[in-house]
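Assemble the whole structure, with the sequences as input and the hints as a guide.
Just so you know, the sequences run in chain order R and X.
Following the working numbering, the numbering of the first sequence begins with 1 at its first residue and continues without gaps.
Following the working numbering, the numbering of the second sequence begins with 1 at its first residue and continues without gaps.
Everything labelled a hint here was simulated from the structure, so no lab data went into it.
A portion of the hints provided could be inaccurate.
To be verified - Okay, derived cross-link-like pairs now, DSSO-like style, lysine-lysine, Cα gap no bigger than 30 angstroms in a straight line: (1) X:K38 with R:K47; (2) X:K38 with R:K111; (3) R:K153 with R:K47; (4) R:K153 with X:K173; (5) X:K173 with R:K53.
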Amino acid sequence: MALITCENVSLAYENNIVLSDLSFAVQAGMYLCIVGENGSGKSTLVKALLSLKRPTQGSIHFGDGLRQNEIGYLPQQTGAQKDFSASVWEVVQSGCINQNGCSPFYSARQKQMAQTNLERMALWDLRRRSYQELSGGQQQRVLLARALCATRKLLLLDEPVAGLDPMAAQEMYRLIQALNREGTTVIMVSHDIQSAVQYASHILHLHNKPLFFGKTADYLQSDVAKRFLGGGLHA
Amino acid sequence: MLDLIAQMLSYPFLIRALVVGVLISLCASLLGVSLVLKRYSMIGDGLSHVGFGALAIATVANAAPLAVAIPVVVAAAFLLLRLSENSKIKGDAAIALISTGALAVGVMAISLSTGMNVDVYNYMFGSILAMKQDDVFLSVALAVVVLVLYVVFYHKIFAITFDENFSRATGVKAGWYNMLIALLTAVTIVLGMRLMGALLISSLVIFPALTSMRIFKSFRSVVFCSAILSVLCFLIGIFISYAWSTPAGASVVCVNIAAFFAFWILSFFLARKKV
Ligand SMILES: Nc1ncnc2c1ncn2[C@@H]1O[C@H](COP(=O)(O)OP(=O)(O)OP(=O)(O)O)[C@@H](O)[C@H]1O
Ligand SMILES: [Mg+2]
Numbered sequence: 001m002a003l004i005t006c007e008n009v010s011l012a013y014e015n016n017i018v019l020s021d022l023s024f025a026v027q028a029g030m031y032l033c034i035v036g037e038n039g040s041g042k043s044t045l046v047k048a049l050l051s052l053k054r055p056t057q058g059s060i061h062f063g064d065g066l067r068q069n070e071i072g073y074l075p076q077q078t079g080a081q082k083d084f085s086a087s088v089w090e091v092v093q094s095g096c097i098n099q100n101g102c103s104p105f106y107s108a109r110q111k112q113m114a115q116t117n118l119e120r121m122a123l124w125d126l127r128r129r130s131y132q133e134l135s136g137g138q139q140q141r142v143l144l145a146r147a148l149c150a151t152r153k154l155l156l157l158d159e160p161v162a163g164l165d166p167m168a169a170q171e172m173y174r175l176i177q178a179l180n181r182e183g184t185t186v187i188m189v190s191h192d193i194q195s196a197v198q199y200a201s202h203i204l205h206l207h208n209k210p211l212f213f214g215k216t217a218d219y220l221q222s223d224v225a226k227r228f229l230g231g232g233l234h235a
Numbered sequence: 001m002l003d004l005i006a007q008m009l010s011y012p013f014l015i016r017a018l019v020v021g022v023l024i025s026l027c028a029s030l031l032g033v034s035l036v037l038k039r040y041s042m043i044g045d046g047l048s049h050v051g052f053g054a055l056a057i058a059t060v061a062n063a064a065p066l067a068v069a070i071p072v073v074v075a076a077a078f079l080l081l082r083l084s085e086n087s088k089i090k091g092d093a094a095i096a097l098i099s100t101g102a103l104a105v106g107v108m109a110i111s112l113s114t115g116m117n118v119d120v121y122n123y124m125f126g127s128i129l130a131m132k133q134d135d136v137f138l139s140v141a142l143a144v145v146v147l148v149l150y151v152v153f154y155h156k157i158f159a160i161t162f163d164e165n166f167s168r169a170t171g172v173k174a175g176w177y178n179m180l181i182a183l184l185t186a187v188t189i190v191l192g193m194r195l196m197g198a199l200l201i202s203s204l205v206i207f208p209a210l211t212s213m214r215i216f217k218s219f220r221s222v223v224f225c226s227a228i229l230s231v232l233c234f235l236i237g238i239f240i241s242y243a244w245s246t247p248a249g250a251s252v253v254c255v256n257i258a259a260f261f262a263f264w265i266l267s268f269f270l271a272r273k274k275v
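The structure is reproduced here in structure tokens:
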């Protein structure tokens, strides 16, 4: 049984179809990278996988006992607005919200988790700062820490390294790889194709329809990859 | 001044107004932080107008005012929430339609039955005499329920206020909590309306939050500051209203305006000091 199964999924905004006829399954333990050009429907697919967007056709199932509150999510753009008064600590802690059920307060374990993830993202010294007063890359790291707090089985990341400096990006990839080895399933949208093929176990290549889905090694041999990478890859 | 305060406290109607007013100020300011941050300030305003219409019709029909107004305003709150979430209809235009519509219906109902009189004036601008003994019990009970629910769901309210999509994606029932916020706001507004006036009650929701945000930068500190500020402004406003015989609602709002400018100026000094 797969963690997530998509069957003949089509996604559209109003009557404008952005992705059609997509079928694939995410097995537990996979590290899946979704690649494709701008506007090819990657973020839309991520939203559909999170049940934020309903498919116009086909269906998306959760399997393996996966529940919505075991998923961590890093959006490409937040719904959070400018002028929002929230400290870094509050934002990261809010990632744990899906785990405290009906309890009105955070447990010591959840506070510990928030602290661990803040330290992982090198944010501990910034924890009292206002989220809105941080730089773009720092904000991205805060949202990553929040996603890590929320995740237990599955981590969905929409362009996690966008805006990160090279050091932080490398650190990020290592961290995600470590989490994946510990058993977290990872689905990542990325334009950093070099790192994608280096780390991911599977690749899904979209261009308003699926062009490729399969193992990374097979992807590198495919015509799609050769065209997309334009010989820029030393594999 | 102490004499004046002692004198004030010797009137039972003033004590009733103070008790209810303090609780309402507290509820309104807490909810206000979320409403302002979620860009839902207009919902508060729309609801107070609907509340005016409901009160007017209840008066004409000789029904208990709160028993009519609370369900009507709660229903309106859900409707407004749906409208502002739905991107197809312009949310703010829809709110303006509903609120002015309700106002007109209320005025018509009153003028057809009794003619425009002191009652209408009181509904619009509030009256310190409005609180009857049984209203006080109901108001206090409901206000306490609002406060308890807010505290219990504080973290969830923060999460969906900050980023609704993330909360939804990670398994929080965001729609449910949005309804909760709308419900609590509706109850608070109806309870506070007769004291503060239909046209002025929404300022109790908006001002403390906006004022606190001048200076405080975390959600928790904004919430605490709003709560304290709101109660203080209410007490000072009522004192002014008693001392100079000004309308209670308007006095409270004026104190809130003063606080806003004070915080605003202070924020410039604080910003200067940091650099
Ligand atoms: N809210 C929206 N309403 C209408 N159309 C949208 C909306 N969001 C995205 N689209 C359209 O859907 C298509 C796919 O968008 P999507 O955000 O999924 O692309 P993407 O693959 O994530 O691109 P990028 O690499 O730039 O992030 C685009 O053509 C876009 O114009
Ligand atoms: Mg995208």
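Outcome of the hint check:
1. Restraint check for X:K38 and R:K47: the C-alpha separation of about 21 angstroms stays at or below 30 angstroms, so the hint holds.
2. A C-alpha spacing of about 26 angstroms is found between X:K38 and R:K111, which places the hinted pair at or below 30 angstroms, so the restraint holds.
3. Straight-line distance between C-alpha atoms of R:K153 and R:K47 comes to about 17 angstroms, which keeps the hinted pair within the 30 angstroms bound.
4. A threshold of 30 angstroms between alpha carbons decides the hint, and for R:K153 with X:K173 the separation of about 19 angstroms falls inside it, so the pair holds.
5. Between X:K173 and R:K53 the alpha-carbon distance is near 15 angstroms, which keeps this suggested pair within the 30 angstroms criterion.
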